[in-house]
Amino acid sequence: MIEIPSPMGGSVWKTEVQVGEAVAVGKVLIILESMKMEIPIEATEAGTVKEIKVAEGDFVQEGDTVITIET
Amino acid sequence: MRKDYQKYLSEKERILKGGREKYHKQNEEQGKLFVRERLEMLFDPNSIVEDGLFANNLDPSLPADGSVTGIGEINGRTVCFLAADSTVKAGSWGPKSVEKNIRIQEKAAELKVPIVYLIDSAGGRITEQLNVFPGKRQGGKIFYNQVQLSGVIPQVTILFGPSPAGSAYVPAFSDLVIMVDGNSSAYLGSPRMVEMAIGEKTTMDEMGGARMHCSVSGLGDVLVDSEEEAIDACKRYLGYMPQSWKDGLPLEKVVAPVSGRDVKEIVPLNENTPFDMYELIDQVIDEGSWFEYKKLFAPELITGFARLNGEVKGIIANQSKVKGGTLFVDSPDKAARFVMICNAYNIPLLYLSDVPGYMIGSKVEQSGIIRHGAKMISALSESTVPIISLVVRKCYGAGLYAMAGPAFGSDVVLALPSAQIAIMGPQAAVNAVYYNKIQELPEDERAAFIDEKRKEYLKDVNLFKVASELIIDDIVGFDDIRTEVIRRFKFYKTKSVMKYEKRNAIHPV
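Heads up: the sequence lines are chains B and E, in that order. Residue numbering for the first sequence follows my numbering, beginning at 418 and increasing consecutively. Residue numbering for the second sequence follows my numbering, beginning at -16 and increasing consecutively.
One thing to keep in mind: the hints can contain errors.
Said to hold, decoys possible - Below 16 Å or equal to it, Euclidean Cα-Cα: the simulated EDC-like pairs (lysine to aspartate or glutamate) are:
(1) B:K467 - B:E420
(2) E:K346 - B:E479
(3) E:K346 - B:D481
(4) E:K304 - B:E459
(5) E:K304 - B:E455
(6) E:K304 - B:E450
Unchecked claim - Chain B regions said to be covered by chain E (calculated; three or more residues, Cβ under 8 Å):
(7) 424 to 430
(8) 454 to 463
In case anyone wonders, no lab produced these hints; they're calculated from the structure. Beta carbons: idealized from backbone N, C-alpha and C, even for Gly.
Taking the hints into account, I'd like the entire structure generated from these sequences.
Below, the structure is given as structure tokens:
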């Protein structure tokens, strides 16, 4: 299992996947909004989405786990 | 055969073989080449002269005292070298190797030619510490010399193996550090020493590996997969450098950019949508001329050498695909060093900006975003090379300063039709200025009010208004970037800037 961290502080704008969904490397999992920019967070390994740890509108700090993937 | 000649030949043959067979085998198993094979690959055939081959020859266990030093030619240009032999006492520095190292640095300084450090060394020989470590002409002198040579002649380090403790500072004082993934490492204390002294259990990769240094610590600049690639990267880098700060830059023949999408298709209309800045850079530079500096470190900012019409330029560009292109605490470190290299060797700078500004929030403030950010502005402000600043898209707040805005000695500030220059984005600005007013309004009236003020704000920062106020010097068509920039760099060649006389600036660190 791998943990996908947020690359920077920001608020969760959109969740692009659901628990149980199969994802490939590079698949956009979550889009943050920060510094008025859309910040896509992508899967770094292929697998299945195990847990989504954030809800839309949540503030996340740099390094916080946003999603876990079962590889 | 004469006996004296025979003795000379057999001694030379012995020394040229380096250390014991088992250490050669060990090297081979790790995918490492013998130091003399590395030098053969790096230098033109039969171009090398060597100094101190017979150093410590009375001790049969120390061929050349573990350090090979000399002068050779790389693509026909004179370059000095200092190379550790890992088959001799793990490439450690003894008294004679230290003296050889110091002498070749002094030679490079006198000849005004680049020097390459090929490091694969266990550091100072502890058994001889009083003869290698503390003295006036010992280990420290190597680093002292590196600092004196900095900005005078290009200094490149290739780390082929470990570079612990003492020798770990060689890369730190070099202009460029190339590291081989899996084999190179640099650290002050080994994992074993760390466990004994502070109780931490760690691994070489985690603490001092090549990938870590090239992506996290920033000590490494170029990560490669093999020794061959490392040597190739070194040769390529030197191809962008002059022999010394007073010499001209190497020219290449003119090559058109790679064929690709038009810039007007690459830059999205929506300023919040990321795009790949590499694609735009490709449309501006000569095809195949890109040499990236610190690719894996702070990738929200791109720095690299390229050729425009065959001439060397340094490019600094924001990458909105990574962290929205926001500047963090590491990005200014990367930019500042790159700018210093370019200015030292008279390489003109091209800034391509698309930056929402420096990151804000408690995390980055505690990490010192202000003093880190200042480094990038300071390096830029001290530069005297030609500088062209092109605003590609947004350029907000101190991002405009960092990216060679009008006040920072740039020769010209150009903008694409997609550019927007402002102290902050419209949404943030309206909230900042009208916060109290917005709070006082009934909730159902707020959206309309914000929208109205947003439109007013956008009118104020409209590109044509900015151009009308002479804040930017010209607006350039999407398809005209390359032509415009090449023409302007040609005119700015005679630029000459006087700075205040002083001993040194007090740099932000």
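Violated hints - listed by number, lowest first: Checked against the structure, no hint fails, so every one of them is satisfied.
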